[in-house]
Amino acid sequence: MPKADGRPHYLVCNADESEPGTFKDREIMRWTPHQLIEGCAIAAYAIGAERCYIYIRGEFTDPLKIMQHAIDEATAKGAIGSNAFGSGKRIEMIIHRGAGAYICGEETAMLNSIEGKRGNPRIKPPYPAQAGVFGMPTTINNVETLAAVPHIVMRGGEWYKGLSLSNPKSTGTKLISVCGHIQRPGNYEVTMGTPMKELIYDMCGGMRPGRTLKAVIPGGSSVPIMNAAEADDCLLDYEGVVAKGSMLGSAGMIVMDDTTDMVYQIWRLARFYAHESCAQCTQCREGTAWSVRILERILAGKGKQEHFQLLLDLSDNMTGKTICVLSDSCAAPIVSGIQKFRHEFEAYIQGAREPAMAAV
Amino acid sequence: MFSSFRVIQAKDQEELVADELVNVTIDGAQVSVPKGTTIIEAAKQAGILVPHYCYHPSLSSPAVCRMCLVEVEKAPKLMPACVTAVAEGQVVLVDSEKAKKAREGVLELLLINHPLDCPICDQAGECELQDYVFQEGRAGTRYADYAKRYSPVEDFGPDVLYVPNRCILCTRCVRFMEEVAEEPVLNVSERGDRAFIGISPEQRLDHGWSGNVVDLCPVGSLISKDFLHKARAWDLDKTASICPGCTQGCNITIDTRDDMVVRLRPRPNLDVNRYFICDYGRMNYRWMNRGDRIEAPLVRESGRHVATDWDTALDRLGQLVRGTSGSALILASGRASTESLGLVRRMLDRLEVTAAVQVPIGEEAPLAGVPNLALRPERAANLVGAQLLGYSADWPSALRELATAGLVIVLDADLSHSDQELIANAPGGVVVMGTIFDEGLRSAELILPLTTMAEENGTYVNRDRRIQRYNQAKSQPGMSRPAWWVAGEVIAGPGPSASAPATAAEAFELLGERWPAFAGLTHSDLGYTGVVLAESGDALAGSQRADPGFM
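Those protein sequence lines, which keep their order, are chains A and B.
Here the working numbering is used: the first residue of the first sequence is 506, the next is one more, and so on.
Here the working numbering is used: the first residue of the second sequence is 647, the next is one more, and so on.
Everything hinted at is true.
Label pairs and their computed distance ranges (CB to CB):
#, chain 1, residue 1, chain 2, residue 2, range
1, B, Arg840, A, Val747, 33 to 39 angstroms
2, B, Pro1017, A, Lys582, 52 to 58 angstroms
3, B, Arg850, A, Glu744, 55 to 61 angstroms
4, A, Gly715, B, Arg840, 40 to 46 angstroms
5, B, Ala1180, A, Pro630, 40 to 46 angstroms
Derived DSSO-like pairs: lysine-lysine, alpha-carbon spacing no greater than 27 angstroms straight-line:
#, chain 1, residue 1, chain 2, residue 2
6, A, Lys702, A, Lys749
7, B, Lys747, A, Lys629
8, A, Lys807, B, Lys794
9, A, Lys674, B, Lys723
10, A, Lys702, A, Lys845
Reference listing, derived: stretches of chain A covered by chain B, where coverage requires no fewer than 3 residues with Cβ under 8 angstroms from a Cβ of chain B:
#, segment
11, 773-785
12, 790-797
13, 816-829
Hints were generated in silico from the structure; no laboratory data involved.
Given the structure is predicted, the values throughout are model-derived calculations rather than measurements.
By construction, the Cβ of each residue, glycine as well, lies at the ideal position given by its N, Cα and C atoms.
Pulled out of the complex, with its shape left as it was, chain A reads as follows:
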């Protein structure tokens, strides 16, 4: 962010949590809205912003009501508003409700959406810190990040860093949303560096009886899939997950047991991305939809060996070539799925497995 230059600065809180498998921000807003408001107020003060937009996902009716109520309370008490805590600083918080587009969680698409435009990601540069919402310097942070601010300010950065068990680059704790084939799904706050195994088997109670772990998507649906062996000795911090060929992303952990049809799951994810593509970049608009059609062919028992190469070519075409990373996100599960579970695709293609859907 530039230093005070006479232009208004803005803080945007990204509460558009739409990543499949991720539901931590929703719970922060439902249960500790004041913590988020406090974090936003501190962050706004730090960057010299008088206005903070909290962009809440359209489907989050409950968190929206609770957040609005909490903001009204805070304003009535003078904690925020035209003279926050008598400091002479104006800190306004405005909730902007999304309309249900996944892409509006992408930070620059969110800025367009706040401006009343179609939620299309912008080209970077310029980055939001130079020209964000309404062309003004803008800082965008996620709900979890901003909610951590009051604690860090209260107890100091050293304390927060010290919480980490492993790599000093990943500091503090992480909220992890665990869902899927697991005994106790839910949100878990773990210190960085906790072994994934510990989270899955101890905290979440492990697999359902008689089932074994097959795959984990560790960072929301947009990251490469990990197989059981990779999950087995993975440490839950940014570097640990990268070391296993994936990413911690939004920390929405989707756990799949041995009953899972991987091809079907990958198709389901690809269909989501094809539906949510904003239609700007050619690779994403056409590539995601084509990938879905190929996966449907395979699931319908009409797959061919050439489809492997075609899917990989398409994924290569969709990776690192577009304005935002939506198409990369669609390609990640497809590529890792083919790498790690190729035999399941082969089973459909060779007719060893009953078709999962009618031919298209």
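Given chain A, put chain B in place with the hints provided.
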């Protein structure tokens, strides 16, 4: 959808000055360009075309087609050339394996739902999708298993049809309407591969400049109803010309097929019309194809007009001019060339001449996003040229001179019934130089067949004193000749004469002797974008600008 700051960037691009030059190497070619120039524009300077769809120099760059991805040394990813500014010492590869593979990928994806209906598509032959696929696309499809997406053709406006099946969603049309016309009736509707160009409910694409979206569309998705299935692009002959519609002087291309004008399109001139023309100008061509033309000189003999040859007609005209004493009157069309207006005026130099040019008045239609560009109310392309040559725009006072003029010359003017009646009752001799025979002018001594501006070379001076050339786009019917030729022959006198101008360029050089505004200028000085005439009479140096706009 396009944030305001980006539009500002796009406009800045045009105002780059050569204060600070940056050296870059593009595919081995070294080029120095002003700091802040985009790679795509720098490559143009180096003579390299980076394939692209969504980029257009007059619009903001959304970088959505991803066709212009190029390899930039040291950059981890391919960069969009349309929005990436050059940096000192940068090495850019357009023709590298990596960039070509990316383009091949984009082309494959653009084609999966694109109907291969090129044989019935108006864009075929001038289609950027066709061109680039031919240049570097895959030979076969890998999408054969699926039916292509289908949506019916939509009627967008008076002259524009939208064929969604062919659309590649480059959004040039959306941006033109939003940023240039400033009437944002088009949008991108829906998402993903269901997306299409939508039009706001209850609205039509009927803005006075909306026809430009057809030219901007890189494929055959937005097509002109007027041009629908009229001609194949490769059958067209293209001639650089100037729109005869108003005093703006937009540069155009006249497209003809078998000697018929089939459409007018804008020709880029950054100083006059950028890349655009208005719909009025675009549709103002049917008169160029009229078949009921005067094709031979007609002389009046015992109450009847009899066709004759040019020698006889010129003798007769010479006699009339020399035989007149006192005053003469010229009633000229506002789209007569500078050469014709000038030489007809000179032909009468011995007499006291009143000359007037006809200026029909219509409604003004500005193009909001481009300063100083509008369909002007004065529908006379050469009004300023005529004024420089001593013609007045005061038509009614000129008509009053009919009562005393010894000789009246009608120079292709489009006369009303009452004007014709006044002329029929005029005491002086009447000579009509024209293209269409007017029943009301039966009293004329002499009727001479003229060429239209589409059938001759000439110049117009626009409202900003920019003198621009237009070229002959189709053959002249019968014995018709430009008016400057007729006047030049009369001035030179009977018999073969070396002093009579044989070309419009020679006729133009005769103007400078009499009118200092044109002194020292030749047709070849004017180039393709014209020259601004200085008030003092010297042509402004440096007003010809190399045009980066031919894409």
